[in-house]
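S.K.: What follows is the residue order along each chain.
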Amino acid sequence: MSDASTDSLVLSDIGVTFGGLTALDGVSLSAGSGEIVGVIGPNGAGKTTLFNVICGFIRPDSGTISYRGQAMGRHQPHVLAKLGIARTLQGVGLVPGLNVVENVMLGAQGKTRSGFASAVFGLPRSSREEMRLRAQALELLGELEIAEHAWKMPTALPYGVQKRVSLARALIADPTLLLLDEPASGLSSDDMAELGQLLRRLRDRMGVLLVEHHMDLVMSTCDRIVVLNFGRVIASGDPDVVRADPEVTRAYLGEEVRTAEGGPGA
Amino acid sequence: MIKLRLPGWARLPRQPLLRHLLFGAVGVAFFYVLSISLSDFNDFQLGEVGVYAIAIAGLSVLTGVNGQISLGQGAFLAVGAYTLGELEVHQSINLVLQLLIAVAVSALVGLIIAVPATRLRGPYLAGMTLLLALALPFLSDKYSSFFGGDQGLITLPPNAPGSIDPQRWLTWIQLFCALLVVVLLANVLSSRFGRSFRAVRDNEVAASLAGVHVARTKVIAFVISSACAGLAGALLVLSTGVVNTGEFPLSLSIYLLAGMVLGGAGTLTGAWWGAILVVYLPNQWSQSIANAFHANHLVGANLAVIIFGAVLIVVMLAAPAGVQGGLRWLGHRLVTVSTGPKPAGNISVTLQDQPVSKQDRDGPESDRAATSID
Numbered sequence: 005m006s007d008a009s010t011d012s013l014v015l016s017d018i019g020v021t022f023g024g025l026t027a028l029d030g031v032s033l034s035a036g037s038g039e040i041v042g043v044i045g046p047n048g049a050g051k052t053t054l055f056n057v058i059c060g061f062i063r064p065d066s067g068t069i070s071y072r073g074q075a076m077g078r079h080q081p082h083v084l085a086k087l088g089i090a091r092t093l094q095g096v097g098l099v100p101g102l103n104v105v106e107n108v109m110l111g112a113q114g115k116t117r118s119g120f121a122s123a124v125f126g127l128p129r130s131s132r133e134e135m136r137l138r139a140q141a142l143e144l145l146g147e148l149e150i151a152e153h154a155w156k157m158p159t160a161l162p163y164g165v166q167k168r169v170s171l172a173r174a175l176i177a178d179p180t181l182l183l184l185d186e187p188a189s190g191l192s193s194d195d196m197a198e199l200g201q202l203l204r205r206l207r208d209r210m211g212v213l214l215v216e217h218h219m220d221l222v223m224s225t226c227d228r229i230v231v232l233n234f235g236r237v238i239a240s241g242d243p244d245v246v247r248a249d250p251e252v253t254r255a256y257l258g259e260e261v262r263t264a265e266g267g268p269g270a
Numbered sequence: 015m016i017k018l019r020l021p022g023w024a025r026l027p028r029q030p031l032l033r034h035l036l037f038g039a040v041g042v043a044f045f046y047v048l049s050i051s052l053s054d055f056n057d058f059q060l061g062e063v064g065v066y067a068i069a070i071a072g073l074s075v076l077t078g079v080n081g082q083i084s085l086g087q088g089a090f091l092a093v094g095a096y097t098l099g100e101l102e103v104h105q106s107i108n109l110v111l112q113l114l115i116a117v118a119v120s121a122l123v124g125l126i127i128a129v130p131a132t133r134l135r136g137p138y139l140a141g142m143t144l145l146l147a148l149a150l151p152f153l154s155d156k157y158s159s160f161f162g163g164d165q166g167l168i169t170l171p172p173n174a175p176g177s178i179d180p181q182r183w184l185t186w187i188q189l190f191c192a193l194l195v196v197v198l199l200a201n202v203l204s205s206r207f208g209r210s211f212r213a214v215r216d217n218e219v220a221a222s223l224a225g226v227h228v229a230r231t232k233v234i235a236f237v238i239s240s241a242c243a244g245l246a247g248a249l250l251v252l253s254t255g256v257v258n259t260g261e262f263p264l265s266l267s268i269y270l271l272a273g274m275v276l277g278g279a280g281t282l283t284g285a286w287w288g289a290i291l292v293v294y295l296p297n298q299w300s301q302s303i304a305n306a307f308h309a310n311h312l313v314g315a316n317l318a319v320i321i322f323g324a325v326l327i328v329v330m331l332a333a334p335a336g337v338q339g340g341l342r343w344l345g346h347r348l349v350t351v352s353t354g355p356k357p358a359g360n361i362s363v364t365l366q367d368q369p370v371s372k373q374d375r376d377g378p379e380s381d382r383a384a385t386s387i388d
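For the record, the sequence lines run as chains W and U. For what it's worth, this note's numbering labels the leading residue of the first sequence as 5, then goes sequentially. For what it's worth, this note's numbering labels the leading residue of the second sequence as 15, then goes sequentially.
These aren't lab readings, by the way, just hints derived from the structure by calculation. Hints are not guaranteed to be accurate.
Derived coverage of chain U by chain W (criterion: at least 3 residues anywhere in the stretch with Cβ under 8 Å from a Cβ of chain W; other residues may be distant) [as the list claims (entries may be wrong)]:
id, region
1, 205-213
2, 223-234
Just a few of them, taken from the derived set where beta-carbon distance is under 8 Å, the chain U residues facing chain W [to be verified]:
id, residue
3, Q29
4, P30
5, L31
6, L198
7, N201
8, V202
9, D216
10, A220
11, H308
Below, simulated DMTMM-like cross-link-like pairs (lysine to aspartate or glutamate); rule was C-alpha separation at most 20 Å, straight line [unchecked claim]:
id, chain 1, residue 1, chain 2, residue 2
12, U, K156, U, D54
13, W, K115, W, D178
14, W, K86, W, E152
15, W, K115, U, E218
16, U, K156, U, E100
17, W, K86, U, E218
Yeah, the Cβ is synthetic: ideal placement off N, Cα and C, and Gly gets one too.
Working from the sequences, and respecting the hints, build out all of it.
M.R.: Rendered as structure tokens:
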């Protein structure tokens, strides 16, 4: 549960309302390094809103967020990368005007050091950094087995490949916490199995906070699961506990958890 | 497709700076030969092409690469021009310093405008910059003692060394500045800044999550654009000999935007095509068309606007990516035809579709389509 250790993201008592609608109501959760935390819940439960609050796109009306013991007040999204938090977007969220390598290199923006002057005059400081990033990007693409698409434009690629590119863009920043917004939506079952393996490998290097509809993936990879419904945490704990929770079952319209929400996510 | 492997010496250098300098050197040689084979008047116009290429290249970075539409580029030309004019009045420092100050002042004005302006999007930004272009003449009316009123400020062409014709010397200065600006902009576009410009244009949310400071990136692009315009304005009034608001009407801003789109938005080579259109279309070509139909010169002046609009429509229909985009497409077609048929169903991606060989791995060759001088 929300044991406020120093290397984790801690949200306490977050509340968000849009007009009269309560999107999040007293949500508390934590995600530390070396663990995969899943956030699940029916559509409209507030999962993406929660991510947007973490990322600074939405200001919570109440509650606090801290990362590694440092309070994040009115932070802007681009600050996140510097703090070591990377996020993939629902869908793919790639930049259509950049090729695959450049899309991946974009993710390293937070750790670039060369300044504007060295860029204008094409100084080695800038071009060496670019070469290093490019090599790093290509290496990551190789790791994700999509190196042959490196120089293509992203819109021409299959959906599954685009998803991997967006994952590579998040990983190039060497994040200490990775926020994944429905990484499995639209993936084939083979791709999803590979994603599961990848997530388990990533656990050694970083913490993962995962919003996902696919229960198989969530149940098999997550160390802890937080269930949201109507903006409130209705259950949390390890997968077996959550699976057995009657309120969770009810939230999914009385269906069995395993089969609910099987299709591609919204 | 047959992949041509050029020998090492015939390939473009991998370092972006060296590659861009190579293009710059070719440009210097080209314009040198061109200018010594031209008459005085053509020299003057060639210099103008260089000047407008600077202004359009800056606009291309702002609008084509960063996605911010500006209708006020002419106003920043005026800022650079008046700065140079004021410096000429006090007549003591050398030209390089004058130009640098003109760039600095217009960059500063750009910065002041950019901080609020870059919070606006699309038509709202266009509206605000349009206002800037419209407000300018009133400013010079109101403070006519400082801005020289209707007469404006007088500028003198720089002294040419030795026996070089002064007009030709000025043309060389203008063209050299243009090539220098294009090389520097090419450096920026092939750096991480170019990448964030494009990312902000296409997907602000993704850009910010990748760590790009969206607002700051927009301001940088705006300041680059206004600095370029300032330099262009300063260089322009060196050859016209006078700085007044009549030199910078609203139509200039619109011509520059149209020239940028026609040449190929977001490409630096396209800026040259756009500049050629801006210089020759309103002045010469429309006049000769009017003469061909025995119409008087007033018809010629109005014809320019009509022809510009017609050309804009035709180019947008035939080559939506502008002249440069059209040439690139044509060149690619020719290469494809000469190297035999391609596998079917792959046509739309071939421009960027290059196999990754060991040599290419850390080389920027393959992203040249997106980031280099063209």
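S.K.: Each hint should be assessed against the structure and marked as holding or not.
M.R.: To see whether the hints hold, each was checked on the structure:
Three residues within the 8 Å Cβ limit are the bar, and the region 205-213 of chain U against chain W gives 7, so the coverage statement holds. Using a Cβ-Cβ cut-off of 8 Å, 7 residues of the region 223-234 of chain U lie near chain W, which meets the minimum of three, so the contact claim holds. The interface hint given for Q29 of chain U is met, as the beta carbon of that residue sits about 6 Å from the closest beta carbon of chain W, less than 8 Å. With a cut of 8 Å, the hint placing P30 of chain U at the interface with chain W holds, because the nearest CB-to-CB distance is about 6 Å.
Restraint check, L31 of chain U versus chain W: the minimum CB separation of about 3 Å is within 8 Å; hint holds. Hint status for L198 of chain U relative to chain W: holds, with the closest Cβ pair at about 5 Å, below 8 Å. Among the interface hints, the one on N201 of chain U holds; its C-beta lies about 4 Å from the nearest C-beta in chain W, closer than the 8 Å criterion. For V202 of chain U, the interface hint holds, the least distance from its beta-carbon to any beta-carbon of chain W being 5 Å, beneath 8 Å.
A hinted interface residue such as D216 of chain U counts as satisfied when its beta carbon comes closer than 8 Å to some beta carbon of chain W; here the least separation is about 5 Å, so the hint holds. Residue-level restraint check for A220 of chain U holds (minimum Cβ-Cβ distance to chain W is 4 Å; threshold 8 Å). Taking 8 Å as the C-beta cut-off, the interface hint given for H308 of chain U is violated, the closest approach to chain W being about 48 Å. With a C-alpha separation of about 37 Å, the suggested pairing of K156 of chain U with D54 of chain U is violated against the 20 Å cut-off.
At roughly 9 Å between alpha-carbon atoms, K115 of chain W and D178 of chain W fall within 20 Å of each other, so this suggested pair holds. For a cut-off of 20 Å, the pair hint linking K86 of chain W to E152 of chain W is broken: about 30 Å separates their Cα positions. This hinted pair checks out: K115 of chain W and E218 of chain U have alpha carbons roughly 19 Å apart, not beyond 20 Å. The hinted pair formed by K156 of chain U and E100 of chain U meets the criterion: a straight-line CA distance of about 17 Å does not exceed 20 Å.
Distance restraint check for K86 of chain W and E218 of chain U: the Cα-Cα separation of roughly 17 Å lies within the 20 Å cut-off, and the hinted pair is therefore satisfied.
The earlier numbered hints that this structure contradicts are 11, 12 and 14.
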